[in-house]
Amino acid sequence: MEFRDRYEAGRRLGEQLVGEGHVPGGAVVLGLLRGGIPVAAVVAELLGAPLDVVVVRKLGVPFQPELAMGAVGEGGVVVLDREVLRAAGLDDRDLLAVEERERAEVDRQSARVRSTRPPISLAGKTAVVVDDGAATGSTAGAACEVVRARGASRVVLAVPVGSPSAVRSLAEVADEVVCLELPQPFVAVGQCYDDFTQVTDTEVVELLEAARAQVPVVPTRSDGPSVRGEGVSLAAGGVRLEGHLTVPERCSGLVVVADGRSDGRFDWRSRTVAGLLNAAGFGTLLVDLLTPEEMAHRSAVFAVASLAERLEAVTAWLIGQPEAAGQRVGFFGTWTGAAAALWAAAEPTTPVAAVVSGGGRPDLAGQRLGDVRAPTLFVAGGEDAVALALSRHAQRQMSGRNHLAVVAGATQLFEEPGALEELAELARAWFVDYLEPAAASWTGRPGQIERTPKAGRPERAR
1 MEFRDRYEAG
11 RRLGEQLVGE
21 GHVPGGAVVL
31 GLLRGGIPVA
41 AVVAELLGAP
51 LDVVVVRKLG
61 VPFQPELAMG
71 AVGEGGVVVL
81 DREVLRAAGL
91 DDRDLLAVEE
101 RERAEVDRQS
111 ARVRSTRPPI
121 SLAGKTAVVV
131 DDGAATGSTA
141 GAACEVVRAR
151 GASRVVLAVP
161 VGSPSAVRSL
171 AEVADEVVCL
181 ELPQPFVAVG
191 QCYDDFTQVT
201 DTEVVELLEA
211 ARAQVPVVPT
221 RSDGPSVRGE
231 GVSLAAGGVR
241 LEGHLTVPER
251 CSGLVVVADG
261 RSDGRFDWRS
271 RTVAGLLNAA
281 GFGTLLVDLL
291 TPEEMAHRSA
301 VFAVASLAER
311 LEAVTAWLIG
321 QPEAAGQRVG
331 FFGTWTGAAA
341 ALWAAAEPTT
351 PVAAVVSGGG
361 RPDLAGQRLG
371 DVRAPTLFVA
381 GGEDAVALAL
391 SRHAQRQMSG
401 RNHLAVVAGA
411 TQLFEEPGAL
421 EELAELARAW
431 FVDYLEPAAA
441 SWTGRPGQIE
451 RTPKAGRPER
461 AR
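Be aware that the sequence shown starts at 1, since it is given in the numbering used here, and climbs by one per residue.
Simulated from the structure, these hints should not be mistaken for laboratory data.
Everything numeric in this text was worked out from a predicted model, so none of it was measured.
Ideal Cβ positions, reconstructed from N, Cα and C, are used throughout, including at glycine.
Take the hints with a grain of salt, since some may be wrong.
Claimed, not checked - Label pairs and their calculated CB-CB ranges:
#, residue 1, residue 2, range
1, E293, V215, 39 to 49 Å
2, P164, R250, 21 to 31 Å
3, A213, V18, 36 to 46 Å
4, Q367, E176, 34 to 44 Å
5, P50, Q367, 54 to 64 Å
Required output: the full structure, derived from the provided sequences and hints.
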């Protein structure tokens with residue numbers, strides 16, 4: 001089963017809930033920010049139930065921010081994963097620092113999407129928690145714990161698609177789990193959607209307001225080019241890596257989005273950047289460079305040489321696919337994936353035409369930076385002093401063309417309103433310059449590119 005978009009997924013999920021009588025009268029439907037809200041809005045309309053939002057923030061391991069060691073929610077709720085805490089070797093001081101930061105973010109997000117309206121009371125009611133899918137189940141599971149702590153007498157977790165392992169784990173925290181699709185093999189939630197465009201805060205607020213006013217849900221369609229994606233499983237460096245390949249009908253180049261900080265099935269920031277690149281006409285191969293078993297181990301997260309070797313194998317696979325014929329390839333790296341992208345780009349046999357380091361640790365590429373010939377864009381948040389310093393340090397080691405762009409007001413994870421979109425736009429512009437056929441010409445060894453400036457556009461300076 002494939003869904004055209006989140007609204008169609010919500011319709012099918014709502015019909016399943018209504019048809020099988022899973023939800024009694026008086027229930028409340030709660031969508032997870034942000035992708036769960038369009039699905040939940042349609043479910044709530046079909047159930048005739050009020051719609052609310054459940055605001056949950058992962059407590060990320062400090063050296064692997066997307067690996068959840070717990071979660072916080074509204075009302076002071078805290079949920080901890082003691083097993084991850086033990087595996088990561090963290091103490092109470094590490095936990096407290098992350099908890100304080102994420103609790104402040106819960107308050108900020110709640111204020112932004114709720115306006116002046118308080119949360120709907122869940123005391124003694126059935127809470128239907130809805131998301132657009134469950135990859136690892138960590139956030140959805142935390143949401144179930146949050147609504148139960150808010151007084152819900154019964155919790156139903158409803159998703160259009162999920163991994164078998166996530167659904168099994170969610171059955172331990174929810175009273176009932178309803179999932180329409182369990183793809184085998186499971187690669188990413190987006191594999192079951194034709195349109196998996198990032199949901200904006202504005203769309204969330206509009207859907208919540210429409211539900212309160214009992215206005216019928218009107219689907220919002222993407223205006224981007226037609227794209228189709230598929231899950232792939234790749235052998236690289238002695239392990240199997242999961243990926244998601246998306247190629248627009250009229251492709252302007254291919255970008256390998258190398259994820260170095262995911263808790264499995266791709267970091268949402270990488271998914272968002274990939275989606276915006278797809279809308280601009282670029283194909284993307286989104287890939288986790290770490291296996292799920294490696295996520296909690298610092299030695300694996302920072303093994304840049306090993307990650308680079310895997311990225312080289314992934315790139316070799318990609319250029320052998322029919323979709324890659326005649327296409328230039330770029331790298332977009334996050335966290336230690338940024339260092340891996342630069343390390344791999346330094347290899348003379350890696351046919352990469354451009355690199356974008358989207359925050360993270362480009363400095364970990366070390367002496368290999370001097371061998372990178374592909375034009376490289378470093379992007380850092382204006383409020384992330386560490387990333388700015390590390391990016392400038394990496395620049396000083398490079399002899400090839402490079403540029404540093406700063407997203408004003410952004411912090412490490414580009415979570416501020418509009419920050420991630422600005423990062424994606426900077427990446428898009430860089431890849432337009434260096435991947436599109438009219439923008440550049442190959443010279444010299446593989447992996448080296450000399451840019452032919454477009455008329456009327458100045459050369460970027462180092």
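Query raised in the report: Of the hints given before, which are not true for this structure?
Result: 2, 3 and 4
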